[in-house]
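These protein sequence lines are chains A and B, in that order. Residues 1 to 243 (UniProt numbering) are what the first sequence spells out, left to right. Residues 1 to 300 (UniProt numbering) are what the second sequence spells out, left to right.
Hints are computed from structural coordinates only; laboratory data are not their basis. Mixed in with the good hints there might be a few duds.
[Said to hold, decoys possible] Rough simulated footprint, nothing fancy, chain A against chain B, three-plus residues with beta-carbon under 8 Å: (1) 84-93; (2) 97-111; (3) 167-178.
[To be verified] Here are some chain A residues the structure puts well away from chain B; computed CB gaps all over 10 Å: (4) N2; (5) V37; (6) L38; (7) L46; (8) I75; (9) T102; (10) P104; (11) A106; (12) M140; (13) Y155; (14) L157; (15) M160; (16) S171; (17) A197; (18) F206; (19) Y216.
Just so you know, even glycine gets a beta-carbon here, dropped at the ideal spot from N, CA and C.
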Amino acid sequence: MNYHWNWGIFLEPSPEGIGTYFDMLMMGLRWTLVTAVLAWIIAVSLGSAVGVLRTLPSRLGVGLGDAYVEFFRNIPLLVQLFLWYFVLPELLPKDLGNWLKTLPNASFWTGAVGVGLFMSARIAEQVKAGIQSLPRGQSMAATALGLTTAQTYIYVLLPMTLRIILPPLTSETLNTLKNTSVALTIGLAELTARTRAMQEYSFQVFEAFTAATVIYLVINALITVVLRRFEKAIAIPGYVAGT
Amino acid sequence: MRKLMLTVAAVLAVPGLAAAQELSGTLKKIKETGSISLGHRDSSVPFSYIDDNGKVIGYSLDICAKIVEAVKTELKLDKLDVRLVPVTSSTRIPLIANGTIDLECGSTTNNEERQKQVGYTNTHFLTASAFVSKKVKNLKKIDDLKGKTVVSTAGTTNMKQLVEANAARNLGINVMSAKDHAASFLLVELDRADAFVMDDILLASLIASSKDPGAYQTSDDAFSLPEPYAIMLRKDDAPFKALADKATSALFRSAEGAALYAKWFTSAIPPKGLNLNVPVGEKLKKAYAAPTDNPDPKAY
Numbered sequence: 001m002n003y004h005w006n007w008g009i010f011l012e013p014s015p016e017g018i019g020t021y022f023d024m025l026m027m028g029l030r031w032t033l034v035t036a037v038l039a040w041i042i043a044v045s046l047g048s049a050v051g052v053l054r055t056l057p058s059r060l061g062v063g064l065g066d067a068y069v070e071f072f073r074n075i076p077l078l079v080q081l082f083l084w085y086f087v088l089p090e091l092l093p094k095d096l097g098n099w100l101k102t103l104p105n106a107s108f109w110t111g112a113v114g115v116g117l118f119m120s121a122r123i124a125e126q127v128k129a130g131i132q133s134l135p136r137g138q139s140m141a142a143t144a145l146g147l148t149t150a151q152t153y154i155y156v157l158l159p160m161t162l163r164i165i166l167p168p169l170t171s172e173t174l175n176t177l178k179n180t181s182v183a184l185t186i187g188l189a190e191l192t193a194r195t196r197a198m199q200e201y202s203f204q205v206f207e208a209f210t211a212a213t214v215i216y217l218v219i220n221a222l223i224t225v226v227l228r229r230f231e232k233a234i235a236i237p238g239y240v241a242g243t
Numbered sequence: 001m002r003k004l005m006l007t008v009a010a011v012l013a014v015p016g017l018a019a020a021q022e023l024s025g026t027l028k029k030i031k032e033t034g035s036i037s038l039g040h041r042d043s044s045v046p047f048s049y050i051d052d053n054g055k056v057i058g059y060s061l062d063i064c065a066k067i068v069e070a071v072k073t074e075l076k077l078d079k080l081d082v083r084l085v086p087v088t089s090s091t092r093i094p095l096i097a098n099g100t101i102d103l104e105c106g107s108t109t110n111n112e113e114r115q116k117q118v119g120y121t122n123t124h125f126l127t128a129s130a131f132v133s134k135k136v137k138n139l140k141k142i143d144d145l146k147g148k149t150v151v152s153t154a155g156t157t158n159m160k161q162l163v164e165a166n167a168a169r170n171l172g173i174n175v176m177s178a179k180d181h182a183a184s185f186l187l188v189e190l191d192r193a194d195a196f197v198m199d200d201i202l203l204a205s206l207i208a209s210s211k212d213p214g215a216y217q218t219s220d221d222a223f224s225l226p227e228p229y230a231i232m233l234r235k236d237d238a239p240f241k242a243l244a245d246k247a248t249s250a251l252f253r254s255a256e257g258a259a260l261y262a263k264w265f266t267s268a269i270p271p272k273g274l275n276l277n278v279p280v281g282e283k284l285k286k287a288y289a290a291p292t293d294n295p296d297p298k299a300y
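I would like the entire structure built from these sequences, with the hints used as guidance.
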């Protein structure tokens, strides 16, 4: 291969005048992390709510929850972000649309909310599956004890479900972080966007993408370790297999 | 008779042998495989794009065709397969480096930084960085952008110039970035950004292909001196570059070169039959008269 390697490139000043190329990638990483955290909060809270909704003894609730999940998981994330960013402001009343268009850091808010909603559909599916995997005797016993539906969920079903779905939830957390890279299509200057900018400016494409690969690997490995610890810490001995 | 045949064989063999010894790099590869690969873009109008019939066309492609012809003549090949490989701004470097493509026929800026990684043949176009905006906004000079929202495509030299001008002139511009030129232009179209900073020739083609070309104007001010576009090839492959330089230089100086320019820049072009109406400028005229691969904008 005819390629001029230059690992020193990271210490060279970036042409945007904001420090070195390394600083440029770090600025991107900051956006990636902030976006991922906000998206994750949205995904877990909305996903849990919708997941619970789908197991309630209410046909309307189940129907609404199912529609929500199908809507958000059947449309590619790339298309969803495009719709939120470019199409939604045009459909809204003019004043509201203009407010959205002139919102500072619009691509960050749109990206975080868009990724959060997309991921919430996946988490809703897991929460539902987790609740349904519990023996029916549990909710029956709760009813027999005189607990209301809300109490049954809060004190009996959800604490068990959380423990069961933690491993897939770890995967979804990693997916949330990785999916923030799609927000580069709506102009969010996150890590992958900065990596691409670095290769455009310097033409050192392999160095740039190697750095991005290593950064994503390290961050995701850290998340995995932390969540594994959490999983162990809250495990009930003898109940959930493998812990 | 036998002696004659030997002589014929010797005459035939010697140049072949000499040529085989001389060949190296890309030329050797083309000779061995009987094919050459050209990288092209999908929407760099009018340099390199796909028309409504799915055919890859453009000014850069026509120039590359001249280089291919020269290679064929030089290597005395009866048949030379031309393979077209679509590239993006992210894939063009790895594909040149690993030998998937031999020439990148797009709209790539030749600058000093990039020459550390790749080589270029002669400059075929010069473009300065300007901005487009809706006429109703009445933005003509860089200073008119004070306090406005301005977009440029992420990772372009234009973005860098916008950031620099914003800092140097203390304009307080809200700088936005978009993924590609189409997205940047869309932001202006939807009034999400007031202006879009880009190479003037790309702005001309975006305006020409927009829904309402009359609604837009490009700025009077430029952010930079005109920068050169050139066909990209592998670095440190002197024989191949020499051949490409010779072919492009002959083309640019000839009447055929002028006709080719007129075909893409001052006539109707596919797919919509638009005319970009960009006559050849003084600087470019000079660059065509004395072809050069100089990356320095000041040299033009």
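Hints, one by one, checked against the model:
1. Proximity of the segment 84-93 of chain B to chain A, defined as three or more residues with a beta carbon under 8 Å from a beta carbon of that chain, is established by the 3 residues found.
2. Check result for the segment 97-111 of chain B against chain A: holds, 3 residues qualifying (beta carbon to beta carbon below 8 Å, three or more required).
3. With 5 residues having a beta carbon nearer than 8 Å to a beta carbon of chain A, the segment 167-178 of chain B meets the requirement of three or more and the stated coverage holds.
4. With a least beta-carbon separation of about 5 Å from chain B, N2 (chain A) fails to lie farther than 10 Å from that chain, contradicting its non-interface assignment.
5. Consistency note on V37 (chain A): stated as away from chain B, and its beta-carbon is indeed over 10 Å from all of that chain's, at 22 Å minimum.
6. Residue placement check: L38 (chain A) keeps its beta carbon more than 10 Å from all beta carbons of chain B (closest about 20 Å).
7. Remark: the non-interface label on L46 (chain A) is consistent with the geometry, its nearest Cβ contact in chain B lying 27 Å away (cut-off 10 Å).
8. With a cut of 10 Å on Cβ distances, I75 (chain A) stays outside the contact zone with chain B, its closest approach being about 19 Å.
9. Not every CB of chain B is more than 10 Å from the CB of T102 (chain A) (nearest about 7 Å), against its label as outside the interface.
10. In this structure P104 (chain A) is not separated from chain B by more than 10 Å, as the shortest Cβ-Cβ distance comes to only about 7 Å.
11. A beta-carbon of chain B comes within 10 Å of the beta-carbon of A106 (chain A); the shortest separation is about 8 Å.
12. Consistency note on M140 (chain A): stated as away from chain B, and its beta-carbon is indeed over 10 Å from all of that chain's, at 53 Å minimum.
13. Listed as outside the interface, Y155 (chain A) is consistent with that label: its C-beta sits roughly 48 Å from the nearest C-beta of chain B, beyond the 10 Å cut-off.
14. Remark: the non-interface label on L157 (chain A) is consistent with the geometry, its nearest Cβ contact in chain B lying 43 Å away (cut-off 10 Å).
15. Distance check for M160 (chain A) against chain B: the nearest CB is about 44 Å away, which clears 10 Å, and the non-interface claim stands.
16. For S171 (chain A), the requirement that its beta carbon stay farther than 10 Å from each beta carbon of chain B is met, with the minimum near 27 Å.
17. With a least CB separation of 4 Å from chain B, A197 (chain A) falls inside the 10 Å interface cut-off, contrary to its annotation.
18. Here F206 (chain A) does not stay apart from chain B, with its beta-carbon only about 7 Å from theirs, under the 10 Å limit.
19. With 10 Å as the threshold on Cβ separation, the claim that Y216 (chain A) sits away from chain B holds: the shortest Cβ distance comes to roughly 17 Å.
Consistency note: the structure conflicts with the earlier hints numbered 4, 9, 10, 11, 17 and 18.
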